[in-house]
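*Asks:* This is what each chain is made of:
Protein chains: 2
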Amino acid sequence: MRASRFHISTYKDSPADAETVSHRLMVRAGLIRKLGSGIYILMPMGWRVVRKVEAIVREEMDRAGGIELSMPVIQPAQLWQQTGRFDKMGAELLRIRDRHGNDFVVQPTSEEVVTDIARQEVRSYKQLPKTFYQIQTKFRDERRPRFGVMRAREFLMKDAYSFDRDAAGAQASYATMAQAYRRIFDRFGLRYRAVAADSGAIGGDLSEEFQVIAATGEDAVVYCPDSTYAANLEKAEALPPQGPRPAPTLPLTKVATPGYTTCEQVAEFLGVPLERTVKTVVLATESKDAGEQGSVRLWIVLLRGDHEMNEVKVRHIEGLSAFRLASAGEIEATLGCPPGSLGPVLPARCPGVRTLADREVAVLADWVCGANEEGFHYTGVQWGRDVPEPDLVADLRNVVDGDPSPDGQGTLCIERGIEVGHVFYLGTKYSQAMGATFLDVDGKPRYMEMGCYGIGITRIPAAAIEQNHDERGIIWPDALAPFTVVLCPVQADRSPEVAAAAEALYAALLAQGIDVILDDRNERPGVMFADWELIGVPHRVTVGARTLQQGKVEYQHRRDAGTTLVAQEEIIAFLQSRLQRRA
Amino acid sequence: MRASRFHISTYKDSPADAETVSHRLMVRAGLIRKLGSGIYILMPMGWRVVRKVEAIVREEMDRAGGIELSMPVIQPAQLWQQTGRFDKMGAELLRIRDRHGNDFVVQPTSEEVVTDIARQEVRSYKQLPKTFYQIQTKFRDERRPRFGVMRAREFLMKDAYSFDRDAAGAQASYATMAQAYRRIFDRFGLRYRAVAADSGAIGGDLSEEFQVIAATGEDAVVYCPDSTYAANLEKAEALPPQGPRPAPTLPLTKVATPGYTTCEQVAEFLGVPLERTVKTVVLATESKDAGEQGSVRLWIVLLRGDHEMNEVKVRHIEGLSAFRLASAGEIEATLGCPPGSLGPVLPARCPGVRTLADREVAVLADWVCGANEEGFHYTGVQWGRDVPEPDLVADLRNVVDGDPSPDGQGTLCIERGIEVGHVFYLGTKYSQAMGATFLDVDGKPRYMEMGCYGIGITRIPAAAIEQNHDERGIIWPDALAPFTVVLCPVQADRSPEVAAAAEALYAALLAQGIDVILDDRNERPGVMFADWELIGVPHRVTVGARTLQQGKVEYQHRRDAGTTLVAQEEIIAFLQSRLQRRA
Numbered sequence: 174m175r176a177s178r179f180h181i182s183t184y185k186d187s188p189a190d191a192e193t194v195s196h197r198l199m200v201r202a203g204l205i206r207k208l209g210s211g212i213y214i215l216m217p218m219g220w221r222v223v224r225k226v227e228a229i230v231r232e233e234m235d236r237a238g239g240i241e242l243s244m245p246v247i248q249p250a251q252l253w254q255q256t257g258r259f260d261k262m263g264a265e266l267l268r269i270r271d272r273h274g275n276d277f278v279v280q281p282t283s284e285e286v287v288t289d290i291a292r293q294e295v296r297s298y299k300q301l302p303k304t305f306y307q308i309q310t311k312f313r314d315e316r317r318p319r320f321g322v323m324r325a326r327e328f329l330m331k332d333a334y335s336f337d338r339d340a341a342g343a344q345a346s347y348a349t350m351a352q353a354y355r356r357i358f359d360r361f362g363l364r365y366r367a368v369a370a371d372s373g374a375i376g377g378d379l380s381e382e383f384q385v386i387a388a389t390g391e392d393a394v395v396y397c398p399d400s401t402y403a404a405n406l407e408k409a410e411a412l413p414p415q416g417p418r419p420a421p422t423l424p425l426t427k428v429a430t431p432g433y434t435t436c437e438q439v440a441e442f443l444g445v446p447l448e449r450t451v452k453t454v455v456l457a458t459e460s461k462d463a464g465e466q467g468s469v470r471l472w473i474v475l476l477r478g479d480h481e482m483n484e485v486k487v488r489h490i491e492g493l494s495a496f497r498l499a500s501a502g503e504i505e506a507t508l509g510c511p512p513g514s515l516g517p518v519l520p521a522r523c524p525g526v527r528t529l530a531d532r533e534v535a536v537l538a539d540w541v542c543g544a545n546e547e548g549f550h551y552t553g554v555q556w557g558r559d560v561p562e563p564d565l566v567a568d569l570r571n572v573v574d575g576d577p578s579p580d581g582q583g584t585l586c587i588e589r590g591i592e593v594g595h596v597f598y599l600g601t602k603y604s605q606a607m608g609a610t611f612l613d614v615d616g617k618p619r620y621m622e623m624g625c626y627g628i629g630i631t632r633i634p635a636a637a638i639e640q641n642h643d644e645r646g647i648i649w650p651d652a653l654a655p656f657t658v659v660l661c662p663v664q665a666d667r668s669p670e671v672a673a674a675a676e677a678l679y680a681a682l683l684a685q686g687i688d689v690i691l692d693d694r695n696e697r698p699g700v701m702f703a704d705w706e707l708i709g710v711p712h713r714v715t716v717g718a719r720t721l722q723q724g725k726v727e728y729q730h731r732r733d734a735g736t737t738l739v740a741q742e743e744i745i746a747f748l749q750s751r752l753q754r755r756a
Numbered sequence: 174m175r176a177s178r179f180h181i182s183t184y185k186d187s188p189a190d191a192e193t194v195s196h197r198l199m200v201r202a203g204l205i206r207k208l209g210s211g212i213y214i215l216m217p218m219g220w221r222v223v224r225k226v227e228a229i230v231r232e233e234m235d236r237a238g239g240i241e242l243s244m245p246v247i248q249p250a251q252l253w254q255q256t257g258r259f260d261k262m263g264a265e266l267l268r269i270r271d272r273h274g275n276d277f278v279v280q281p282t283s284e285e286v287v288t289d290i291a292r293q294e295v296r297s298y299k300q301l302p303k304t305f306y307q308i309q310t311k312f313r314d315e316r317r318p319r320f321g322v323m324r325a326r327e328f329l330m331k332d333a334y335s336f337d338r339d340a341a342g343a344q345a346s347y348a349t350m351a352q353a354y355r356r357i358f359d360r361f362g363l364r365y366r367a368v369a370a371d372s373g374a375i376g377g378d379l380s381e382e383f384q385v386i387a388a389t390g391e392d393a394v395v396y397c398p399d400s401t402y403a404a405n406l407e408k409a410e411a412l413p414p415q416g417p418r419p420a421p422t423l424p425l426t427k428v429a430t431p432g433y434t435t436c437e438q439v440a441e442f443l444g445v446p447l448e449r450t451v452k453t454v455v456l457a458t459e460s461k462d463a464g465e466q467g468s469v470r471l472w473i474v475l476l477r478g479d480h481e482m483n484e485v486k487v488r489h490i491e492g493l494s495a496f497r498l499a500s501a502g503e504i505e506a507t508l509g510c511p512p513g514s515l516g517p518v519l520p521a522r523c524p525g526v527r528t529l530a531d532r533e534v535a536v537l538a539d540w541v542c543g544a545n546e547e548g549f550h551y552t553g554v555q556w557g558r559d560v561p562e563p564d565l566v567a568d569l570r571n572v573v574d575g576d577p578s579p580d581g582q583g584t585l586c587i588e589r590g591i592e593v594g595h596v597f598y599l600g601t602k603y604s605q606a607m608g609a610t611f612l613d614v615d616g617k618p619r620y621m622e623m624g625c626y627g628i629g630i631t632r633i634p635a636a637a638i639e640q641n642h643d644e645r646g647i648i649w650p651d652a653l654a655p656f657t658v659v660l661c662p663v664q665a666d667r668s669p670e671v672a673a674a675a676e677a678l679y680a681a682l683l684a685q686g687i688d689v690i691l692d693d694r695n696e697r698p699g700v701m702f703a704d705w706e707l708i709g710v711p712h713r714v715t716v717g718a719r720t721l722q723q724g725k726v727e728y729q730h731r732r733d734a735g736t737t738l739v740a741q742e743e744i745i746a747f748l749q750s751r752l753q754r755r756a
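Read top to bottom, the protein sequences are chains A and B.
With this note's numbering as the guide, the letters of the first sequence map in order to residues 174 to 756.
With this note's numbering as the guide, the letters of the second sequence map in order to residues 174 to 756.
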């Protein structure tokens, strides 16, 4: 490609609404352009990156036996009503009414349509297994779109769906896809982790997220450096503490803690370790008892002051799948105290209120908690004596750095990640809802076992940038770069030798199948270099009159501090040795 | 590809709503599946065809200097309001309101967005010319979607837009695109014509349609076998007749024509040539005179009985750009006679009614027309004597087979076509409406000159099938076939030799880069052959035990009546010689 025949559009200033480095750099480098809230034009430079992402995903999906098709963007509402998602998805699902008054949705994913295909096309076990996939425009009407294409409303997604005879088959299809995802992310050249994720109501361990590691990531990724264990924060188990509860040594004492409300403040004020303070969270669930409409049940959750509640783990506890935080009014009405100074030392067990203690809280002695009175806390609190033993002890918290790894192989570390892929075993959730059966070998109809597998195609470039950038701009891995090599002739308009050498090298690189752009814009070197450093092309070759006199050109990788002089006749071999593996 | 790992889904019965051969065959061959009215799933077999279309279009657009990007499917209504198309496009434009109450449209094309890009990104003449293109999902909410993907509501379109400094530049960009289109349609391997089309209000000759020739086409394509002249029916000029109006010989006579109303009936009844009968069409326009609201003006249009009125030609006449057919009430009120027996022999020139005669009518003598009285016609009608000379003589009719070619090189022929592409010079229509200017070399702002260029990507397979099919199914040209070669082992499950030979040949064909599918489904030969003839793979190689004993396999092109025996060791060279040029 010649720059003069391409569209290069770089900006000094960042857009006012850009909160993240990738959003800023994608706009400044001319990769994307905002058309509306959460709606972006993929500009020529950005589209080249997306096309490279697509090509790698497609190759590996095909290699793994995926069958590509294309489902409509605009889908009839009826199918979505069959699974209940038309209502359940709420405002995020963009709805349309056509000229005849029929309802449609803009696809956020395609479980309904693909299950409709399967239930009509798959009649016999002989046709299974099948994995269909597409790379298509999706839309989610996010309440607050942000971070550019990272959380856009319109985006490109690769979504795949597997159909199998039974759970064992579905697990094999899942494993094939999970393996394909590893190849895909390896080929992208990004640092990533495949982490176990919560599989919700389905159960089992067949849910993994693919997280691109970046300090700015929204998600916490838990891993063990000494083993293969990796999970997202929602999923990572906090092992039970070693050893029994110590014997109590202190009496229950009510102490004044004027103005101190958080555990951190109270621990410091009282001079006790934060790990001996306990915080009280009150949850509410609506119980639909017969006759009584929407009666509310409260739950007390106790966590150590240095720990955070893990919502997903709490939801897995029977009766809590649909919990919410209790309101101040509900707390006062039931527990008889203001929500600011809550603690579990209550005058009498409140009827119907259940107390759940995190495993670490259950083994505490001589602990500190709120005294249910503003400005006061208890110290020397003891289980059994001051607080009845909890109704349930469970893992209710997020793991923290240094926790033992669940596989017993060391301690856990936490880093930040950006979720860009997800593989998920669906079971028969959709096939049951939509009646997608096949005739099995015994002649009986059975529901197909499904899995779904997504990659956020337009999210990949943003995640790649969050991981790979510096103060001058983007640094692309070879596989995702809009161009692999940029060829910069210095003042070619004043030097026929430079122009001729650059043209010859350009032709030679093209002949080698190298994705090169020749910057023939006749810009000043400073402008030219700043542009390409912002755009982040990984390999740059500069052709200048001075070095040319010695028969040399300058090479610089985007990460190099300086340039390397390379003989003209060696530059192609030199470049090829530096290009990362291209599959 | 192995058939067992692909999704093959053929049907004996045609869908009830399929009116065209391509719709029937695409559903029966499993290329498409209906999801809703005018909304189709591109099934794996169909998607392969679409991907081949896309690849050819993309290569040729890139070769012609097009710069690919991707504009959003969901676009803010504001831009569409700037050009007035938000209202003008009516119900065909699918409108959405998002969760925040903002209005959006689903793109039917992208002139507004691309002009918005240009007005923000193009500042200087140095950045021009530029041609942007995309291959993206479009939606038009057709009142009556039909013919499968031929007239679907959701479809894929390649839309390109050129931006130039001036009209000369725009014409050069247009020529480049028109040339690229010829290469694209050549590579498709379809019989097509690029025909001059009407360019509407812009004027000039820079509008061409690309029509795939098929007996079932909706459009009439006019061409001259002896020259390069080709136009669509709307555009093709009917040359003025040779020689003057003959001298009249007959008196005006009112004759009874009981029950005969059409020119054909009257000509036969009276024994006069159809070419001497004249039909009268009454048009109406709303004239918005000051003070008077919506006064209606009538126009009489006279055409020979064997000719049809050309609406586009009529609209080009001053005052008639927004004509409609006059109502029976308007005709009776103004002309004083029922619309069924109209003719131009009126008692007195009606005030404000203008008479337009087609060139062929203006040179008639002794003609026949309605007598403005039910059951009667006039014969021997003469211009000047019985009917005042017309207010305007113009080309108002469709050309017919045998008319002289406008380039003077022979006579015209008419065949049917399916419009699959259109190149169009837009001028400054959009750049003016949206304020898309650039600073020219003299430092002054100028409006960009634009062109737009579309190809109906998902329409191409349907058009290809309309042109290439027989009673057994589709016959793909090599370039568009879902698979170029199908390899059919006969009863491989009973013959290890057949299985081994088929596998070896499959591997050898793949190694040659030939797009082959191995039918390893173990279907009976009859089922297998019927499937592939329906699907239309052009080249079939059959491996059977009987011929294998002689060291031979059978080859049959989809158009061949029978098979050809080819030695096993020669089949690859044989196939390669038969594959059409692949670019």
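Fair warning: there could be bad hints in the mix.
Chain copies aren't distinguished; within one or between two, either way the pair holds.
Claimed, not checked - Heads up, simulated DSSO-like pairs for lysine-lysine below, C-alpha to C-alpha not over 27 Å straight-line: (1) Lys185 <-> Lys207; (2) Lys617 <-> Lys427; (3) Lys261 <-> Lys185; (4) Lys261 <-> Lys427; (5) Lys725 <-> Lys602; (6) Lys261 <-> Lys725; (7) Lys602 <-> Lys207; (8) Lys725 <-> Lys617; (9) Lys602 <-> Lys427; (10) Lys261 <-> Lys207; (11) Lys617 <-> Lys602; (12) Lys617 <-> Lys261; (13) Lys299 <-> Lys427; (14) Lys299 <-> Lys725; (15) Lys427 <-> Lys725; (16) Lys185 <-> Lys299; (17) Lys185 <-> Lys602; (18) Lys602 <-> Lys299; (19) Lys725 <-> Lys207; (20) Lys185 <-> Lys617; (21) Lys185 <-> Lys725; (22) Lys185 <-> Lys427; (23) Lys602 <-> Lys261; (24) Lys427 <-> Lys207.
These are calculated hints, taken from the structure and not from any lab test.
No experiment lies behind these values; they were computed from the predicted model shown.
*Asks:* Within a copy, between copies, both or neither: where do Lys427 and Lys207 come within 27 Å Cα-Cα?
*Replies:* neither (58 Å within a copy, 72 Å between copies)
*Asks:* Under a CA distance limit of 27 Å, which applies to Lys427 and Lys725: within one copy, between copies, both, or neither?
*Replies:* neither (81 Å within a copy, 98 Å between copies)
*Asks:* Using 27 Å as the alpha-carbon threshold, which applies to Lys261 and Lys427: within, between, both, or neither?
*Replies:* neither (48 Å within a copy, 76 Å between copies)
*Asks:* Checking an output row: Lys185 and Lys207, CA cutoff 27 Å. Within, between, both or neither?
*Replies:* The answer is within: 16 Å in one copy meets 27 Å, while 49 Å across copies does not.
*Asks:* Between the shortest in-copy and the shortest cross-copy C-alpha distance, which are at most 27 Å for Lys299 and Lys725: within, between, both, or neither?
*Replies:* This pair counts as neither: shortest intra-copy Cα distance 64 Å, inter-copy 32 Å.
*Asks:* Tell me, please, which holds for Lys617 and Lys602 at an alpha-carbon limit of 27 Å: within, between, both or neither?
*Replies:* Only inside one copy: Lys617 and Lys602 sit 19 Å apart there, 64 Å across copies, limit 27 Å.
*Asks:* Can you give me the call for Lys602 and Lys261, within, between, both or neither, at a CA distance of at most 27 Å?
*Replies:* Within. Shortest intra-copy distance 15 Å satisfies the 27 Å Cα cut-off; inter-copy 45 Å does not.
*Asks:* Check Lys602 against Lys207 for me: Cα-Cα at most 27 Å, and say if that holds within a copy, between copies, both or neither.
*Replies:* For Lys602 and Lys207, only the inter-copy Cα distance (24 Å) is at most 27 Å; the intra-copy one is 37 Å.
*Asks:* Within a copy, between copies, both or neither: which one fits Lys185 and Lys602 at a CA-CA cutoff of 27 Å?
*Replies:* neither (50 Å within a copy, 32 Å between copies)
*Asks:* Check Lys185 against Lys299 for me: Cα-Cα at most 27 Å, and say if that holds within a copy, between copies, both or neither.
*Replies:* between (60 Å within a copy, 20 Å between copies)
*Asks:* Are the CA atoms of Lys602 and Lys299 at most 27 Å apart within a copy, between copies, both, or neither?
*Replies:* For Lys602 and Lys299, the Cα distance is within 27 Å only inside one copy (22 Å; across copies 58 Å).
*Asks:* Evaluate Lys617 and Lys261 at a C-alpha cut-off of 27 Å and name the case that applies: within, between, both or neither.
*Replies:* So Lys617 and Lys261 fail the 27 Å test inside a copy (32 Å) and across (56 Å) alike.
In summary, the numbered hints that this structure violates are 2, 3, 4, 5, 6, 8, 9, 12, 13, 14, 15, 17, 19, 21, 22 and 24.
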